[in-house]
Structures are given as C-alpha cells and as structure tokens.
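Number of protein chains: 2
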Amino acid sequence: MPLSPALRDQILAAVDAGFDEQIAYTRKLVSFASQRGEEFAIQDFIARDLAARGMKIDRFDMDEAALTAHEGGAPFSAQHSRAPIVVGIHHPKAETGRSLILQHHLDVVPVGPRDMWEHDPYGGEIEGDWMFGRGAGDMKAGAAANVFALQALRRIGLQPAATVYLQSVVEEESTGNGALQTFLRGYTAEAALIPEPMDEQLTRANVGVLWFEVEVRGFPTHVREMGAGTNAIDAAQRVIGALREIEARWNAEAGDHPEVAGIDHPINMNIGLIEGGDWGSSVPAWCRFQVRISIYAGQKAQDKYAEIRAHIEDFSRRDRFLNQNPPVLRQNGFNAEGYVLPEGSEAEAVLGAAHQAAFGAALTSGFSGAYLDARVYALYARIPVLNYGPKSRAVHGFDEAVSLSSVRQVTKAMALFIADWCGTESV
Amino acid sequence: MPLSPALRDQILAAVDAGFDEQIAYTRKLVSFASQRGEEFAIQDFIARDLAARGMKIDRFDMDEAALTAHEGGAPFSAQHSRAPIVVGIHHPKAETGRSLILQHHLDVVPVGPRDMWEHDPYGGEIEGDWMFGRGAGDMKAGAAANVFALQALRRIGLQPAATVYLQSVVEEESTGNGALQTFLRGYTAEAALIPEPMDEQLTRANVGVLWFEVEVRGFPTHVREMGAGTNAIDAAQRVIGALREIEARWNAEAGDHPEVAGIDHPINMNIGLIEGGDWGSSVPAWCRFQVRISIYAGQKAQDKYAEIRAHIEDFSRRDRFLNQNPPVLRQNGFNAEGYVLPEGSEAEAVLGAAHQAAFGAALTSGFSGAYLDARVYALYARIPVLNYGPKSRAVHGFDEAVSLSSVRQVTKAMALFIADWCGTESV
Numbered sequence: 001m002p003l004s005p006a007l008r009d010q011i012l013a014a015v016d017a018g019f020d021e022q023i024a025y026t027r028k029l030v031s032f033a034s035q036r037g038e039e040f041a042i043q044d045f046i047a048r049d050l051a052a053r054g055m056k057i058d059r060f061d062m063d064e065a066a067l068t069a070h071e072g073g074a075p076f077s078a079q080h081s082r083a084p085i086v087v088g089i090h091h092p093k094a095e096t097g098r099s100l101i102l103q104h105h106l107d108v109v110p111v112g113p114r115d116m117w118e119h120d121p122y123g124g125e126i127e128g129d130w131m132f133g134r135g136a137g138d139m140k141a142g143a144a145a146n147v148f149a150l151q152a153l154r155r156i157g158l159q160p161a162a163t164v165y166l167q168s169v170v171e172e173e174s175t176g177n178g179a180l181q182t183f184l185r186g187y188t189a190e191a192a193l194i195p196e197p198m199d200e201q202l203t204r205a206n207v208g209v210l211w212f213e214v215e216v217r218g219f220p221t222h223v224r225e226m227g228a229g230t231n232a233i234d235a236a237q238r239v240i241g242a243l244r245e246i247e248a249r250w251n252a253e254a255g256d257h258p259e260v261a262g263i264d265h266p267i268n269m270n271i272g273l274i275e276g277g278d279w280g281s282s283v284p285a286w287c288r289f290q291v292r293i294s295i296y297a298g299q300k301a302q303d304k305y306a307e308i309r310a311h312i313e314d315f316s317r318r319d320r321f322l323n324q325n326p327p328v329l330r331q332n333g334f335n336a337e338g339y340v341l342p343e344g345s346e347a348e349a350v351l352g353a354a355h356q357a358a359f360g361a362a363l364t365s366g367f368s369g370a371y372l373d374a375r376v377y378a379l380y381a382r383i384p385v386l387n388y389g390p391k392s393r394a395v396h397g398f399d400e401a402v403s404l405s406s407v408r409q410v411t412k413a414m415a416l417f418i419a420d421w422c423g424t425e426s427v
Numbered sequence: 428m429p430l431s432p433a434l435r436d437q438i439l440a441a442v443d444a445g446f447d448e449q450i451a452y453t454r455k456l457v458s459f460a461s462q463r464g465e466e467f468a469i470q471d472f473i474a475r476d477l478a479a480r481g482m483k484i485d486r487f488d489m490d491e492a493a494l495t496a497h498e499g500g501a502p503f504s505a506q507h508s509r510a511p512i513v514v515g516i517h518h519p520k521a522e523t524g525r526s527l528i529l530q531h532h533l534d535v536v537p538v539g540p541r542d543m544w545e546h547d548p549y550g551g552e553i554e555g556d557w558m559f560g561r562g563a564g565d566m567k568a569g570a571a572a573n574v575f576a577l578q579a580l581r582r583i584g585l586q587p588a589a590t591v592y593l594q595s596v597v598e599e600e601s602t603g604n605g606a607l608q609t610f611l612r613g614y615t616a617e618a619a620l621i622p623e624p625m626d627e628q629l630t631r632a633n634v635g636v637l638w639f640e641v642e643v644r645g646f647p648t649h650v651r652e653m654g655a656g657t658n659a660i661d662a663a664q665r666v667i668g669a670l671r672e673i674e675a676r677w678n679a680e681a682g683d684h685p686e687v688a689g690i691d692h693p694i695n696m697n698i699g700l701i702e703g704g705d706w707g708s709s710v711p712a713w714c715r716f717q718v719r720i721s722i723y724a725g726q727k728a729q730d731k732y733a734e735i736r737a738h739i740e741d742f743s744r745r746d747r748f749l750n751q752n753p754p755v756l757r758q759n760g761f762n763a764e765g766y767v768l769p770e771g772s773e774a775e776a777v778l779g780a781a782h783q784a785a786f787g788a789a790l791t792s793g794f795s796g797a798y799l800d801a802r803v804y805a806l807y808a809r810i811p812v813l814n815y816g817p818k819s820r821a822v823h824g825f826d827e828a829v830s831l832s833s834v835r836q837v838t839k840a841m842a843l844f845i846a847d848w849c850g851t852e853s854v
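If you're matching them up, the sequences are chains A and B in order. The opening residue of the first sequence carries number 1 in our numbering; numbering runs sequentially from there. The opening residue of the second sequence carries number 428 in our numbering; numbering runs sequentially from there.
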C-alpha cells in the first residue's frame, strides 16, 4: 500500500536531517583498512553500532565444510578471510508487514600502488560531490545507507513493522562465501535489498564468476640453452592465449542469452595477478597467474569450469612444452552462477515507486558484468533481490569515489522502500 | 718451456693424491648458501683458507662510484651484493716466470622451487661421477680447482715462480662488478685463467649481456569495464612481443659476426622474472618483468641498450594503451660487452699442451652464449684470458651437477699450465 504523501515527505526530510551524520559514518567506514582478512575491526565496529541502535546481534564464523559442500560455495584458499559475519536483527512489536534483508559487504579490494592515488585511500576525503577512498563506492556508502535508511525512520519515531535483517558480510570480492553463509545460517525474508554502486539502477541480470589459478612448471636451464623452449613464463603466456580463445567463444554465444542483449563483450576474462621466475639469467621454472572469468546467468559454474579445463588440456596436448609439463588449474575463489531478476515482482514495484518519489524519475534496470552477492538470494533463497545503489567512479581503481548527492537520493528511495515494504509502527 | 716428463708425471700424481681432499673442499663450498647478497660467509671462509695456505689476503668492497663510472660497470640495484672481494696473493721468492690471475666467483643463482630438486641443493651429494648442488658446476668446482691446482705443486714441494693472484669474486651472476672491481683495484697479470664449467673447452668468444627491468603501469578499473584495455599484464605481454622482435632481428644479423658461425640462435632473450597485479578481480595496474638479452662481441652495451629503448618507444607510440602509459625501462644489472680470444697466444699454447698431457687429446675451443667475467681481462686488462673448465649439467637449473672425473682432469691441466706458465721454484 503506497505511503501517504505526508509520511513520504517526513521520511525524505528525515534522510536530509541525518545526512551529515551519514556522511561522517561513511567516512568512518572508509577509514578502516578492510582488505581481505582485515575485516575484523570493521565488523566489530558495525556490530557494536547496530547493537547501540537497538538491534540484536548474531555474529558467526564462515563454515568451510558447509560452504564448500554447497554448489555455490567457493573453495577456501590460504587467503580466505576468517573475519566473522554480522547480522543485526530488528523484530517489530507486531509482524504486520513484509520481512526484509538489507545486505552489504565491508571487504574491499587492494589499494594497489599508493602513488597512483591522488587521495588517501582510507581518508574519505570529500571534493565537491565526491567522497574518495577504497570502498567508498564498493560498498561502504551502501553499508551506511542501510544503517541510515533505518535511522531515518527512527528519527520520526517509526520502525519497520516486520523483521529486518541487516546483514554485514565479507568475502564478497573473492568468493561470495560471506553472503552464502548467511543463507546457510538460515536467514531469509520476503525480499532482499543490496545497495551496491549500481548507478541508481536496479540490476536485472548479472554474470556468474569463476576464479582459478594456473601454474606452469618446467625444467629450466641456463639462458644460453633456452632454445630448448622450457621458459615457464613464455609457456604461461601461451596458456593465457588459449584462455582468451574461451573468452572469445563465449562472447560469440551472447546471442543465446537475452539478458545481455545490447551489451558489448559481456564475458570478461581478467589476468589479475601474475608471478614467475627467480632470476634474470635463469630460464624461469615456474609461473602462476590468477584468472577471473564471467559466465552467463543460467550456466552452471562447474560445467563452465570443466569446459575451461578441457580446453586447456586439449591445447596443452598440442604444445611441445606443455604436453610434458601440463598446467595445473586450481579453483581458489568464486564458483558463482549469475541470475536474472524476473520482471513484475511486487518488491520491484515498491522500489520503483520509492525511486520515483526520491528522484522524480522512473527506475531503470541494467545488466551487471560483475559478481554480486545478490545471486545467493536469487538462486538459493529464491526471493526477489533488489541490487540497487548510488553512482560511483573507479570502483576497484585509483581514487575510487562515490557521489554524495546520489547516496542521499538512494538512501531516500531505500527508506521509502522499507517503510512501504515492511510497513511502519511506532518505536 | 715445456715441463719435463718427470715433473709432469709428478704433478699429475699430486693432483690424484689430493683429489679426495679436493672433493671434500668442493662439497664444503657447495654447502654455503651463497646466493646474491649472501656471500659474506663463503668469502670469509676462502680468505681464511688461502691465508692458511700461505697467501697474503687483500679483502675489499666493491666501489659503486668507480664501478658505475666505468663503461663496463653495471648499475647497483637494491639487490646488489655488499659482500667483499677476496684476492689471495702469492709472491715467489724470485719472479722468474710469468704472472697469472686465477679467478672464480662464489655467488650462485637462486635454487628455485625446492621440490623440483631431487638432491639437496646445498648437500653436495655424490652419485657416481656427479656431485650435485647449486653452484657445484657454476663454479664452486672451479674455485676448488684453483686452490688445488696450486696445492698440487705444494704437495711436491713447489710453488709458482711468478706472482699469482687467486681472485675470489661475487656478482658474476648479475652484474660482473666483482671481477671489474679487481681490475679497478689494480690487479693484472700476464694471463688469466677462469675455470668456468665449459665442458673442457677453451672459450674462443662469448656474448655481452644486458639486464634491464621493464615496468608498465596503467589505470585499472573494475573487470566489468576491462574492454577499456588498460590491463597492465596484457600490456606487458605486448612489450615482451616487441622485445622478441629485437631478439629476432639480432639473430638475423648473425652472419655479420664470424665468432658465432655455426651457432643456432646465438642471441637469447630471457624473461626471467615477472610480477604484476594485486587482485584477481581488479584489472592490474602494474606489471614488472626482468629481461636478460645477449649482444654480439664487439658491440657496445650502451649502443644496444639505446637500440632497445628506441624500439620500445616506437612500438609504444603505436599502441593505444602504451602510448598513454609508456613502459619504463631501467638497467639493473649486466651492462657487459662480449669478447673474442684471438688465436695464437702463448697462453693458449701452454694451456693446449697442458690439456693434451692431462686428457691425451687436443684442446678444442667453443663459443659461450653466457656472460663471462673473462670479459674484464679481455676488454680492460687486455691480457689473454683462458676460460676453461669441467663438464657440468643443469647449470642454473635443478639438480645442477659437476662431473668429478672431469674436475680431476681439468685440475691436472690447470696445475700443468701453472707450472709451465709461471715456472716453479721450491717452497
């Protein structure tokens, strides 16, 4: 049932009234260096904060056995975070509305070479409309919006009239195991909202993502004999070439996948890390590299990984060096399938109305070429999942930034959505 | 003047008599982990040992300013060894013969992945005719041969009747600055002998060697946008491709260099080390790799490096990404020119006779596609330099080994050479 114009205006004003505080809170989140494995302090911060705001707190570890037994779970590597998952729980006085999950992740990707940043990566510096910092866009502004959308209701004496789980996870950037763990813990609801930096659009579909490592080894010799051709760095490059054939083949199949209609090059393969060799004048004996490749929604992660393995095996049989030294592939992260959000859900309609009220424009939807924790809700919880958030710049890049005016409007839309979806009751 | 048959037989027998001790000494040298920067202990060991054998010891540091001011000096990188150079000095009672430098290096290249060795890299294990270990061939067996060729003369109450410098250096594997420092210190002689593992041949000519590092940087983005093409690992691969063009061009010029007649692919370029990127799902912002490439004897190192730089600049101008993010090249090691040993020297004739006596076969000569410290003596001291040593296997590789029977014969040839070149006097 649509919000009354009076309540709507009250909520919009309440977001404005709290916005300075929300900016300070976002900046605080940005100040935590929360790269993979470092998220303990920021998860404790948010757990204490949500408790102070009246939520019950469920803090738990990721369960390797349960996660890796699940078809959407990713293998644990040595780098896997051990930080806890935090769920803040709101129980209403009377459960009259529709329950909701608000999710965010607080892990961030590495900063990269510091001298390529103009701004302090953990400074949360503001210049004009933009707040800079690693994770400012992806997705600490969204995390703060989760907190302050609820806070806006409290500011006017209201709270959701339904159970709300505010789920703060980690491992979104490398495995998606954090979000999956909340599902395995038993959390579900009638809808989920995740304010990833989506340029104020709703995500209609996204890709699945596979991560794996490739290692090539071979017996080196003095460089004066390298004509023997056993250079592992060179051989790794040939394997990368073979993987690029897979990427090209999969992009050529785009026509079979209506959710990517109009998207140029929907499947991207990235060699994100490489290392090999020990010495300038020794022919390198080893080379390892990290691969991230996307797959279409609806495709099974294990089928596609098997296709990759088969292609590399076939390629290696025809390579004089690799035939003797077959590359070793190891999954070491994402084993994730994509999803499509069917049109016409009640949740989408409610968000559409909220967005219209906050922005004065219709909600549009788009495709995401990145991994999204939303897949857990779409594929396993099987509930409508609204991946929707603010404008950002240089996500994963240098001088990553988020638009504060966009955050403000998105927070308004989120607060209106919560009030409408869950209903409200007095605090 | 040729040695008398009686003296010759005495010397040959003396090498045999000391050979068990020589093997133990070689094994002791192999037991030192003397990778770049780690050579302090082994240099102290040999300084003490040469002193105990009656030599005077000059131990001195490499002089960065003097080395880098010399045309054959290599730049100091952060990895440059600070270990001292050791020269053991023998002064005869009467200087009646020809003076001689015996040189070796005690630095070794990295071991690489330990699990690719069957033998302990620092164990000096013996199996049949072979002693295994990093540096066993390159060139701790040679170092021991320097010591025990002199020791064989002492065993029969003789010593060289001329000044002999036994020069124990480091940095042979990455800059050649150790050998150059002995020259800058003022050491020279009427000939030099360096028992590198040359398969019982005399080196007639070798290549020069350049080392440099290439760094590519670029502004990364989320992988979902990587069509923008700013992947630094991919860009580095294109630069490697451009460098391979240089390698092909230089090999095509082999006909202009008679010293490589009959040598297939005399110029080798090796990418010995690569590292890049921070995260699987971030488009990598940086990639660095280490290049080693050879040049023909007679070519100036700086001219050839300038040719490489110009080619990469030209290539980069035509590359959309590299045009905006030009690769940075930095010399970080060898800046060394090759040499040709002219036929017909007196030193070669004396070694030829010694080899014939030890092996019962004529001395042959060959080409070396590797850097050799011998270039310092050929190019700067301008003295005959005999690079000549035992058979080895897998130099710079796994399970590097040296043939003990070959070491024995080579040591005999060396002892005969010393006795003939320097003359002998009683101890």
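It is worth saying that the hints were derived from the structure and are not from the lab. Here the structure is a predicted model, which means the values were calculated and not measured. Heads up, the beta-carbon is just placed ideally off N, CA and C, and yes, glycines get one too. One or more of the hints may lead you astray.
[Claimed, not checked] Facing chain A, a subset of chain B residues (Cβ under 10 Å, in silico):
| no. | residue |
| --- | --- |
| 1 | ARG463 |
| 2 | ILE484 |
| 3 | PHE487 |
| 4 | PRO519 |
| 5 | ALA521 |
| 6 | GLU522 |
| 7 | SER526 |
| 8 | PRO537 |
| 9 | ARG644 |
| 10 | GLN717 |
| 11 | TYR798 |
Structure-based check of all given hints:
Satisfaction of the interface hint for ARG463 (chain B) is found here, the shortest Cβ-Cβ separation to chain A being roughly 9 Å, below the 10 Å cut-off. A distance limit of 10 Å between C-beta atoms decides the matter here; for ILE484 (chain B) the minimum to chain A is near 30 Å, and the interface restraint is violated. Because the smallest distance between the Cβ of PHE487 (chain B) and any Cβ of chain A comes to about 25 Å, over 10 Å, the interface hint for this residue is violated. For PRO519 (chain B), the shortest C-beta to C-beta distance to chain A is roughly 38 Å, which exceeds 10 Å, and the interface hint is violated.
Hint on ALA521 (chain B) is violated. Least Cβ distance to chain A is approximately 43 Å, over the 10 Å limit. For GLU522 (chain B), the interface hint is violated, since its Cβ never comes within 10 Å of a Cβ in chain A; the closest pair sits about 39 Å apart. Checking SER526 (chain B) against chain A by beta carbon gives a least distance of about 31 Å; that is not within 10 Å, so the hint is violated. Because the beta carbon of PRO537 (chain B) sits about 4 Å from the nearest beta carbon in chain A, less than 10 Å, this interface hint is met.
The restraint placing ARG644 (chain B) at the interface with chain A holds, with a minimum CB-CB distance near 7 Å, inside the 10 Å limit. Annotation: GLN717 (chain B) was flagged as interfacial toward chain A, and the flag holds, the nearest CB pair being 4 Å apart, inside 10 Å. Hint status for TYR798 (chain B) relative to chain A: holds, with the closest Cβ pair at about 7 Å, below 10 Å.
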